[in-house]
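Chemist: Residue numbers (our numbering), protein chains in the order written: chain W, 21 to 519; chain C, 21 to 519.
Keep in mind the hints are simulated off the structure, nothing from the lab.
Just to be clear, a hint being listed does not mean it is correct.
A pair holds if it fits inside one copy or across any two, identical chains being indistinguishable in the list.
To be verified - With a straight-line Cα cutoff of 30 Å, these simulated DSBU-like cross-link-like pairs (lysine-lysine) come out:
id, residue 1, residue 2
1, 407, 138
2, 138, 338
3, 138, 33
4, 141, 511
5, 396, 355
6, 33, 182
There are 2 protein chains.
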Amino acid sequence: MNAAELYNSYQTKMQKIADVKYAAAVLEWDQETYMPVNGSDKRGCQIATLNEIAHSFLTEEQLGSLLLELNSATGLSSAEKRNAELSLQDYQRNKKLAPEFVRSMSENIHMAYHAWVKARKANEGSIFQQPLQKLIDLKKQQADLLGYEGHPYNALMSEYDKGLNTNIVDTVFTNLQPALSKLLNFIQQRQQVNDSFLYQLYNKDSQWKYGLALLKNIGFDFESGRQDISIHPFTTNFSNADVRITTRIDENSFSNMTWSCIHEGGHALYEQGLPAEYYGLPLGEYCSLSIHESQSRIWENNIGRSLSFWEHNFPLLKTFFPEQLGNINTSQFFKAINKVQPSFIRTEADELTYHFHVMIRYEIEKLLIDGTLTAKDVSSYWNELYKKYLGVIVPDDRHGYLQDIHWSHGSFGYFATYSTGSLYAAQLYAAINNEHIDIERQVAQGNTITIFNWLRANIHSKGRFYTSEELCKSATGEYLDAKYFTNYATKKYQDIYSS
Amino acid sequence: MNAAELYNSYQTKMQKIADVKYAAAVLEWDQETYMPVNGSDKRGCQIATLNEIAHSFLTEEQLGSLLLELNSATGLSSAEKRNAELSLQDYQRNKKLAPEFVRSMSENIHMAYHAWVKARKANEGSIFQQPLQKLIDLKKQQADLLGYEGHPYNALMSEYDKGLNTNIVDTVFTNLQPALSKLLNFIQQRQQVNDSFLYQLYNKDSQWKYGLALLKNIGFDFESGRQDISIHPFTTNFSNADVRITTRIDENSFSNMTWSCIHEGGHALYEQGLPAEYYGLPLGEYCSLSIHESQSRIWENNIGRSLSFWEHNFPLLKTFFPEQLGNINTSQFFKAINKVQPSFIRTEADELTYHFHVMIRYEIEKLLIDGTLTAKDVSSYWNELYKKYLGVIVPDDRHGYLQDIHWSHGSFGYFATYSTGSLYAAQLYAAINNEHIDIERQVAQGNTITIFNWLRANIHSKGRFYTSEELCKSATGEYLDAKYFTNYATKKYQDIYSS
């Protein structure tokens, strides 16, 4: 076969695998949105079968030989070359984990998840210790099987963001931590802002309609996606022309749905903007979880919690909730939605203290993976770090180390991408401001198309061509630097807490 | 391997295949209900890939050997034996059609479907002639490949109802046709009933809520299923614990949604009642399309259009639509929903004239398959038969032979199951009445549980153990006989049109 034929054959195989993986995603989406309760048992089997099929296609020897041949073929375009190269890397990564190892991991995750649910219910951290330690041991093994330079934790972080490592994260956290602590300290000495009006009765229907209007506003394409309700908001996609997001509505809070909409909307804009011609191929996929998170955070925080954004949007919002917000002005609203307050729960944290929640998890995971810490020490060390960074006394494990689902799912190395995502977002937004000096004015006029187009051109359309670091460099001219977030946060919170 | 091991291995394989087929069904359901418009392209690929995978699993040589070995093993229970036997029949049937033939059929269906859409749009029957003839030729070939006794059309009808043949259908139609013509003639000489009040503004929300109440009433389990909106109502399922039905709502008609709900609800009760322990195996599947249709029709017509049913339900219905129905009494309502009037369109036909629509299609299909008729003669022969049986002059092909999607999908041999379904329904309902002489009184009191339980015990729980004919015999003591429908219809329409 010549290069074109090889590439064709490769593309066909990859697209079929994508078909199966996306089919599994449809089943998962349905499971979280519309599936009747009794459908759950068989649905589990159906998803598992599709994943097994996809995995068996992905690890077929035939695919391996094809990829090797393709990678040594001449005459491919640079995009084709990059696809071939990334697919070979993926293949080799998949082959490093023997089916027995994958099965053992999956069985232990199953057990750990159920132990975690039980532990949470009983508010009894010890129930989760043993299965957690078992997963940690398996994760260490996984790191060894995958290989790494430096810290074994690098192998695990690379699963979510190829190339992310402890050097990068340590550096940004070392810069971030003192700056944020100082800022937090400053805030805690000022008068707290009033956000009580965010917690009144906000009619569900109106919230739902307002959420759709917001999504439309930021450029979500409803002909290539939709929003539904689920218990936990998420984004999924079955092609770049079918991107599904979900939200939840709390009738007694305005914030819950609104920022879930913008956050998932940001993820969705990324997926909708991935290049359609690379369906099933690496260049049609997102760069990394860090970059994915940067796309949700830039809309949720840098734009969605800015004064400019609400200068345009607050009057519209008031037409949805005249009774609740009639007496509130834009400045009061802006302050309320940016209230900073240390707390126990990561998912409820504000934009600033959020990073401490991540640092704590990052530090613990690193120590668990290099063996300095074991599962039985996690609870007390967790509580110690919460006191140290956030000054709060964790009352129990439910408000402590049992709060997140991640470990019970075997997701070690994931948390850091929430912070790097937020830092990338600040850096990207600074670059946009730099290129378009009137961007705040545009936003204040309800015009976010310049931002949308910039992200499409510099992030979305690049797919997986670059690593996060390379993409950041190509888009902003620099590698990741925490100072953009620090500057952004300092300015914002000084504005809010000085007046 | 011993018999138990063989059976286990067979069961595992079949369940995995079912997982893939049901996954495809989820994707199809989503496509018809929630999928955004741009998702369509890739969704087509995803469904095709899943179907290809299922087909390749179903025709693997390894499965064939396993089935042969299993069928000669001793020590299986009668249910296990029957599963093994039916799966082997299915396997052998699948192997009779070479992949090239299947592909050619699928490509020609694709072309025929698009020609049909174009022909309908242009109201120009000739556009559809050539692709239709091509499909007919392929269908003849399929009949030869599958093999048959008697008429080649038997091979095609057997695809929808194994064992259904021209002897059976000719016999029932020969008995049915003169009786129905006589009845129609009688009706046409009487004063027509007034159904104008069914066509007013019926609020969509209220219709939706009323539909759900109706479904609940007849025993639809909302923990094992749900209803949604789609352009064409349908029933699908992903296990017997996840059965989805859809409906459509016309704000200017009460009938559309109501009987679509009960009709699809009847299909759904069947699926929900199939034995869960045989997931993926023949005994967990429905008997035939005729029997499936009998389950929808018995609820839609024999029960749902009976005076007893509305004696209980009409007062409730009035609470939903007091303005529209406040001045109507149960007897007027009963007559209106049973109005008989010859028409051009099968899907809009009443319970009586519906059979003529089917007879016409059946007669034409038989002649097309044995070569007596060719595609170019269909339009004029169609119109001739409509004049003969229903006394109506078909104005154009859109109201004539272009109205149904079936032929463009390659579905030849399907139509007869609509009539046999209706005949089975009447026969089953007669049997229920025979066993429970107070059934009408029960229904009039809003109690349909006896009917529900009877159908569960005699039809649903039997899965595919019997053929339609055998199942009918086992449930009613007799093979299919059109007289039950004739008696039922004669009594009903004499009641309605005599007063």
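Chemist: None of the hints should be skipped; say for each whether it holds.
Modeler: We went through each hint and held it up to the structure:
1. 407 x 138: within (26 Å within a copy, 71 Å between copies)
2. 138 x 338: For residue 138 and residue 338, neither the intra-copy (43 Å) nor the inter-copy (49 Å) Cα distance is at most 30 Å.
3. 138 x 33: neither (42 Å within a copy, 34 Å between copies)
4. 141 x 511: Intra 41 Å, inter 62 Å, cutoff 30 Å: neither.
5. 396 x 355: Intra 41 Å, inter 75 Å, cutoff 30 Å: neither.
6. 33 x 182: Only inside one copy: residue 33 and residue 182 sit 24 Å apart there, 37 Å across copies, limit 30 Å.
In the structure shown, a violation is registered for the earlier hints numbered 2, 3, 4, 5, in ascending order.
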